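Just so you know, the protein sequences line up as chains A and B, in that order.
Taking our numbering, I'd label the letters of the first sequence as residues 1 to 260.
Taking our numbering, I'd label the letters of the second sequence as residues 1 to 260.
It should be emphasised that the hints constitute simulated quantities derived from the structure, not laboratory data.
On a predicted model such as this, the values are computed, not experimentally measured, just so you know.
Treat each hint with caution, since some may be false.
Which copy is meant is left open, so a pair is good if it fits within one copy or across any two.
To be verified - Derived SDA-like pairs (lysine to any residue); straight-line CA-CA distance at most 25 Å:
| no. | residue 1 | residue 2 |
| --- | --- | --- |
| 1 | Lys260 | Gln17 |
| 2 | Lys260 | Ile195 |
| 3 | Lys18 | Asp181 |
| 4 | Lys260 | Leu37 |
| 5 | Lys107 | Ala199 |
| 6 | Lys18 | Glu83 |
| 7 | Lys76 | Gly148 |
| 8 | Lys57 | Arg38 |
| 9 | Lys201 | Lys259 |
| 10 | Lys156 | Thr91 |
| 11 | Lys18 | Asp196 |
| 12 | Lys107 | Asn239 |
| 13 | Lys260 | Met238 |
| 14 | Lys201 | Val12 |
| 15 | Lys260 | Gln28 |
| 16 | Lys24 | Asp71 |
| 17 | Lys184 | Asp125 |
| 18 | Lys184 | Asn208 |
Protein chains: 2
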Amino acid sequence: MDNIITSKENPVIKLYQKLSASKKERLQYGLFVLEGLRIVSDALQENAEVTHLILTKQAMEHWGEELLQADLRDTKTLVISNELGNRIASTSTTQGVFAICRVPAAKAPVFTDNGRYIVLYGLQDPGNVGMIIRTADALGIDGIFMCGSCDLYSPKAIRSTMGSVFRESIFVVGSEDELFDVLKCGGVETSAAVIDTDAEKITTCGFNGRQAVFIGNEGNGLPAETALRCDRRVTIPMNGTINSLNAAMAAGILMWELKK
Amino acid sequence: MDNIITSKENPVIKLYQKLSASKKERLQYGLFVLEGLRIVSDALQENAEVTHLILTKQAMEHWGEELLQADLRDTKTLVISNELGNRIASTSTTQGVFAICRVPAAKAPVFTDNGRYIVLYGLQDPGNVGMIIRTADALGIDGIFMCGSCDLYSPKAIRSTMGSVFRESIFVVGSEDELFDVLKCGGVETSAAVIDTDAEKITTCGFNGRQAVFIGNEGNGLPAETALRCDRRVTIPMNGTINSLNAAMAAGILMWELKK
């Protein structure tokens, strides 16, 4: 370890910090950042395109052997000082394991028989988006569509997925029209999740064949016109005293019913 | 509004800050704090014992009329300067609405026919605890038992409940023995939620009569001996590639199945 990087002016370190802070930079470079042993290990294991692996001296001693077993032919590995690690870390108790990763190229969705999908429409909380992706992975949801939602590649969203971002099929769609076109061509029945006691209850509506459920914004739900464009409106029966589950929890219950 | 409090040495302000920062102080005084228009409104509406209502000058102008309609005979109302509000606020964009509230006296649980309960055993993340209480309220869970978990009355847990802390029956139990005694005397069947493919699947195990499901710690789950003390072990069937939902999400799905 002769070449321990200590300068915050190092171009990779500067790139890491720009990508960490700014969606614009992530879009421009087509790159995003990872922090933490588990998510970096997941990225390497799932063959995500890791362009740079950045380890503090301490992290290299602890986990270097384990991490360097991955196929790193296309990855540059940098060892940095612990001080520099603390500087670029997002938490005060960093493990000193960082990576820069390429945003995967957009793929066309492949719809399977009985495929079950979730559509995140206008979600703004990266923690919610991450938790929904993690849950989708655990429950075996076949794909996630995102439209008008927060940046999937922000550090907080990525961290909240707990690595599921590398396992789930995620499609970021530019417009509502494109979204409905893709789902219609795929022969997918669409259900809007709404808070409306007149909507079909998810306990009785039945989910057969290819199904996609739309989840709306945390505060406002789905726009009425988007809900009306879906084939049907469905609702989670709730207790009389309150009228709203957290968006991630509602999505979790809907995905559970979709996949059961 | 002649008496606007501006001093951080004001005894109520000092008490507020102590209660906000320290579980020990909350226990000693039997009081906890609330911040935000919605949760303070919920507390007043649900007749929680609000000892002090604290509003900034600006909050008084915006929401004073609305908030002062509540029954405040046993509540002291203080108006403070906006600067002092910013000082005691936990967020940089505070609404300037605060309260001090008495921890409700412990009650013995009343078990209803087909009562459905959740037991939080060793949960440490106040955000998870709050989200579970919110979800329990939405889904109509009849009571929540807490044993060896984080402080229900920390600002973060309280905030995450979104007011459901004032609507749900919550029982904080001092020991595992007491917990099992109470549930056994109540004729409640106990199920331990575990990650174990040999456990009974929640999709087929059936929940009949009085039922309580135990949820364990975020990282470690339930201790094996606690799981074995339960009448049965149940599990959420999951996708092969990962083995863990977030604790709050797992609790949400379990409560959904309990109440469906």
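To see whether the hints hold, each was checked on the structure:
{"no.": "1", "hint": "Lys260 / Gln17", "result": "neither (42 Å within a copy, 47 Å between copies)"}
{"no.": "2", "hint": "Lys260 / Ile195", "result": "both (22 Å within a copy, 17 Å between copies)"}
{"no.": "3", "hint": "Lys18 / Asp181", "result": "neither (35 Å within a copy, 56 Å between copies)"}
{"no.": "4", "hint": "Lys260 / Leu37", "result": "neither (33 Å within a copy, 39 Å between copies)"}
{"no.": "5", "hint": "Lys107 / Ala199", "result": "neither (34 Å within a copy, 38 Å between copies)"}
{"no.": "6", "hint": "Lys18 / Glu83", "result": "within (18 Å within a copy, 34 Å between copies)"}
{"no.": "7", "hint": "Lys76 / Gly148", "result": "neither (34 Å within a copy, 46 Å between copies)"}
{"no.": "8", "hint": "Lys57 / Arg38", "result": "within (18 Å within a copy, 48 Å between copies)"}
{"no.": "9", "hint": "Lys201 / Lys259", "result": "both (16 Å within a copy, 14 Å between copies)"}
{"no.": "10", "hint": "Lys156 / Thr91", "result": "both (11 Å within a copy, 19 Å between copies)"}
{"no.": "11", "hint": "Lys18 / Asp196", "result": "neither (43 Å within a copy, 43 Å between copies)"}
{"no.": "12", "hint": "Lys107 / Asn239", "result": "between (41 Å within a copy, 23 Å between copies)"}
{"no.": "13", "hint": "Lys260 / Met238", "result": "both (20 Å within a copy, 10 Å between copies)"}
{"no.": "14", "hint": "Lys201 / Val12", "result": "neither (52 Å within a copy, 48 Å between copies)"}
{"no.": "15", "hint": "Lys260 / Gln28", "result": "neither (40 Å within a copy, 47 Å between copies)"}
{"no.": "16", "hint": "Lys24 / Asp71", "result": "neither (30 Å within a copy, 51 Å between copies)"}
{"no.": "17", "hint": "Lys184 / Asp125", "result": "neither (28 Å within a copy, 42 Å between copies)"}
{"no.": "18", "hint": "Lys184 / Asn208", "result": "within (15 Å within a copy, 41 Å between copies)"}
Hints 1, 3, 4, 5, 7, 11, 14, 15, 16, 17 from the list above are not met by this structure, while the remaining hints are.
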